[in-house]
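Using the sequences and the accompanying hints, generate a full structural model.
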Amino acid sequence: MRTTVPVIIAFLSGFVMILAFFFNPEKSFIGRLEPEVLAWVTIVGGFTLLLGVVSIVRVNFTAVKRRKENWPYKLATLISIFAMAIPAILPSSWSPLLGTGTGSIYDWLFNYLDAPMMSTMFAMLAFYIASAAFRAFRARNAEATLLLVTATLVMLWRVPMGEAFLKSIHGDLPQYINTYIMGGANLAVQRGIIIGAAMGAAAMSLRIMLGIERTYMGK
Amino acid sequence: MIVLAYILLILAGAFLLYMTFRTNDRRYIYLAVAFYVIFPVVLTMQLPIDISPESQQLYDAIAALPDSSAVMLTFDYYASTLAETEPMSRAVLHHMFKKNCRVVTMTTIPLGGPSISERVTRDLAEEYGKEYGVDYVNLGYKANYVAVLKGMGSSIKAIYPADNSGTPLDEIPLMAEIKNYDDLDFICVIADNGVVEYWMSIVNAQYGIKIGSGVTAVMAPKIYAYVGSGQMTGLLGGMKGAADYEKLVGKPDAAIKGMAAQSLVHLFIIFAVIVGNVIYIVERRRGKGRV
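If you read the sequences in order, they're chains Z and U. Our numbering puts the first residue of the first sequence at 3, with every later residue one more than the last. Our numbering puts the first residue of the second sequence at 208, with every later residue one more than the last.
Please note that a few of the clues may not be correct.
What the hints assert, rightly or not - As a list, the in silico DMTMM-like pairs of lysine to aspartate or glutamate whose alpha-carbon atoms are at most 25 Å apart:
no. : chain 1 : residue 1 : chain 2 : residue 2
1   : U       : Lys364    : Z       : Glu38
2   : Z       : Lys29     : U       : Asp377
3   : U       : Lys417    : Z       : Glu28
4   : Z       : Lys29     : U       : Asp390
5   : U       : Lys306    : U       : Asp389
6   : U       : Lys386    : Z       : Glu38
7   : U       : Lys464    : U       : Asp330
8   : U       : Lys386    : Z       : Glu28
9   : U       : Lys417    : U       : Asp267
10  : Z       : Lys169    : U       : Asp389
11  : U       : Lys464    : Z       : Asp116
12  : U       : Lys364    : Z       : Glu28
If you are wondering where the hints come from, they were derived from the structure by calculation, not from laboratory data.
Rendered as structure tokens:
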């Protein structure tokens, strides 16, 4: 029962969406099913977010309660979750500080704490990339040398100073890089990856619909 | 003076790389990167920008829209990539408002997406004297983006019964004219994640609406596949793409200012790679194998 019901739901959901694609949503019952199912999916999606919040609170709360290793960080996580969530959930009609609108507590916390912290974490990549480039990016063989030369050319091409340098060698060099590296070799490889991934996704969807793939149920 | 500054920059980079090699302490490289980022920002160095063909294509597509066209601008990015993506959103929105387009904004990002779109649209709407609900609307966020993108093809109201601030869509005049993708003339997706591919495979491929995009530099090579095939109408790649668009709309801002810092860091990394490889080759010939 615990396996059969999810498989039936998965099959029906997928089947309806495939079938509805071929019918006009304004003129047929099957076509009208599509927006209905999609509205359900967004509602279920909302509940999965809630499930995620419940899960992270439960895991961290247990760790804090049992004084596990690094528990102060987990406490900080819990405080952060509630500090952002509670004012955001409460209706803005009570106070302009509540809700998620401009000038609310949530908005202030996001703009002045969350956004700078996330940007800082991402910006730190530049330091690691520079260090890794000096210490590990080596022309050890033909493939690595090809990658190194291509990467160098693209990095030069993407910034004004590099572009000016390339132009000083040959006026059309930046255009050649765009045409032959980005629009040639890169494009061919990316297309292969995209088509391969799409076929893989289609095969996986079919496996889920037919109940062959059950890992999403934890099996 | 400028030549002297460049010589100083090169000498500083070379010295810090030498110190890294000598002491095997990577913090010298970190110092060099910090130096190359801070130096041009403090001196407000500005460089000439050559417009990429893909940026020009996006600009031309929006420029070719009739006045008062209905367009959608998405804010599908997290705060971590704001430095690259927000200047794109601002530059494109400048262009849309200049052309008196009626703009619908939305996001597929729960964390901060609605706040970013609210802040950017209100800032620019004030500058252009645009009225909320008549000239632009912020739909905000809804969970499960695949269903959201697909569902808006049938009915935007079915997916978004209310806008970001909770006003029912029925009470918003602009949304009375925009029911689904058929009523939109163009969509510009600004994203830092794979959602842009869903915009192409679901919205462009199935509903035939023109889509242009702005993505982070690391994503741009992948998205080139859609530009090359003619499915995507224009692409802004990374901060350079944002700088291109700022120049095209005549609103120089954060991206153009950031180009000098990005140029110097790129050049430093290339210099570091070359020096690292020279050391590697020399030491391999000597049979040391330290590097």
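Here is what the structure says about each hint:
1. Only pairs whose Cα atoms come within 25 Å are accepted, and Lys364(U) paired with Glu38(Z) is accepted, the gap being roughly 12 Å.
2. With a C-alpha separation of about 23 Å, the suggested pairing of Lys29(Z) with Asp377(U) holds against the 25 Å cut-off.
3. As the CA atoms of Lys417(U) and Glu28(Z) are separated by approximately 23 Å, the hinted pair is consistent with the 25 Å bound.
4. A hinted pair counts as satisfied when its Cα atoms are at most 25 Å apart, and Lys29(Z) with Asp390(U) qualifies at roughly 19 Å.
5. Restraint check for Lys306(U) and Asp389(U): the C-alpha separation of about 20 Å stays at or below 25 Å, so the hint holds.
6. Pair hint Lys386(U) plus Glu38(Z) holds up; C-alpha atoms about 16 Å apart against a cutoff of 25 Å.
7. Distance restraint check for Lys464(U) and Asp330(U): the Cα-Cα separation of roughly 20 Å lies within the 25 Å cut-off, and the hinted pair is therefore satisfied.
8. For the hint pairing Lys386(U) with Glu28(Z), the CA-to-CA distance comes to about 13 Å; that is within 25 Å, so the pair holds.
9. At most 25 Å may separate the alpha-carbon atoms for a hinted pair to count; Lys417(U) and Asp267(U) meet this at roughly 13 Å.
10. Of the pairs offered as hints, the one joining Lys169(Z) and Asp389(U) is violated, with about 44 Å between alpha carbons and a cut-off of 25 Å exceeded.
11. Restraint check: the Cα-Cα separation between Lys464(U) and Asp116(Z) comes to about 24 Å, which is no more than 25 Å; the hinted pair holds.
12. The suggested pairing of Lys364(U) with Glu28(Z) holds, with an alpha-carbon distance near 15 Å, which does not exceed 25 Å.
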